[in-house]
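Student: Sequence:
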Amino acid sequence: MSAVTDAVRTAVPGGSLGQSVRDSLVVAKRNLIRMSRIPEMVIFGLIQPIMFVVLFSYVFGGSMNIGGTTDPATYREFLMAGIFAQTVTFATAGAGAGIADDMHKGLIDRFRSLPMARGAVLTGRTLADLVQTALTLFVLAIVALLVGWRTHTSAPEVLAAFGLLLLLGYAFTWVGALIGLSVRTPEAATSGGLIWLFPVTFISNAFVDSSRMTPWLQHVADWNPFSATVQACRELFGNPGVSPSDAWPMQHAVWASLIYSVVIVVLFRTLAVRKYRSASA
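Each step along the sequence shown adds one to the number in full-length UniProt numbering, with nothing skipped, and position 196 is 196.
It cannot be assumed that every hint is accurate.
Pairs of lysine-lysine, DSS-like flavour, derived with a Cα cap of 25 Å [claimed, not checked]:
hint, residue 1, residue 2
1, K275, K105
2, K29, K275
3, K29, K105
Derived Cβ-Cβ restraints for the label pairs, each shown as a range [unchecked claim]:
hint, residue 1, residue 2, range
4, L271, G18, 23 to 33 Å
5, H252, T214, 16 to 26 Å
6, S154, V262, 17 to 27 Å
7, P215, I142, 32 to 42 Å
8, E187, W255, 35 to 45 Å
9, T153, R184, 42 to 52 Å
Source of the hints: derived by calculation from the structure; they are not laboratory data.
Cβ atoms here follow ideal geometry from the backbone N, Cα and C, with glycine treated the same way.
Working from the sequences, and respecting the hints, build out all of it.
Tutor: See the structure below:
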């Protein structure tokens, strides 16, 4: 069997870019088929963000002062960029748990016996998670429209905002991949994925005006990659917000969001692929 595998590896240049792309798409297709056969994964992934929309909109909407007004409708439009960003980042925990589960069941070892690019297993998994995240965002946008959220810019700007959200979600999925490769069980990957997500999402401008925070906490929030994407989406959606601080990411939110996300992808993909190779060596 080893001789056959070695022969196939020689015949198929697994290190080439084209082979890596094909292998990644095959793994992504496998994960999407698996998700379609377990619909509760998608359903439960949709319930949580919908609950956040309803709870924050109607429970906190009348008590939040945004731009000098406590109008609940204003807060709902202010809120939605934060809810969208939170939804795509919380998908990180599921990505980490899925990779940890594959490691635990020995599926990764089976992939290793195949003539495929090393990084394709992780890239395929993250691409499949990106498709699921896009579906979740689509459903969440419909719910947001039902509770009163509206955009006030052109269609290309709205699509650009959703593109930034998906890029942020994809970037954070690589963080989840690294966590999933670093722990022994899916349960540990889920817990590890949520521990750092809560401070990242709540020490930000997603749900409140960051200028009302203590000075040091506001500084952290203003330079938070999550905050940059939220601010960029509010600008691209034309939703009401507050005057941004003088921090560079708040003054150039779209560029900051792009730079942050690309840096996170490059950094954590490199670390995750390296961890994958050493863990399966």
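Student: All the hints need checking, so say for each whether the structure fits it.
Tutor: Against the structure, the hints come out as follows:
1. For the suggested pair K275 and K105, the alpha carbons sit about 18 Å apart, so the restraint of at most 25 Å is met.
2. Note on K29 and K275: the hinted pairing holds, with a Cα-Cα distance of about 23 Å set against a maximum of 25 Å.
3. Note on K29 and K105: the hinted pairing holds, with a Cα-Cα distance of about 19 Å set against a maximum of 25 Å.
4. Range check, L271 to G18: about 25 Å between beta-carbon atoms, so the 23 to 33 Å window is met.
5. In this structure the supplied range 16 to 26 Å holds for H252 paired with T214, their Cβ-Cβ distance being about 24 Å.
6. Between S154 and V262 the Cβ separation comes to about 25 Å, which falls inside the hinted range of 17 to 27 Å.
7. Look at P215 against I142: about 39 Å separates their beta carbons, and that is inside 32 to 42 Å.
8. Taken as a hint, the range 35 to 45 Å holds for the pair E187 and W255, whose Cβ atoms sit roughly 39 Å apart.
9. Taken as a hint, the range 42 to 52 Å holds for the pair T153 and R184, whose Cβ atoms sit roughly 47 Å apart.
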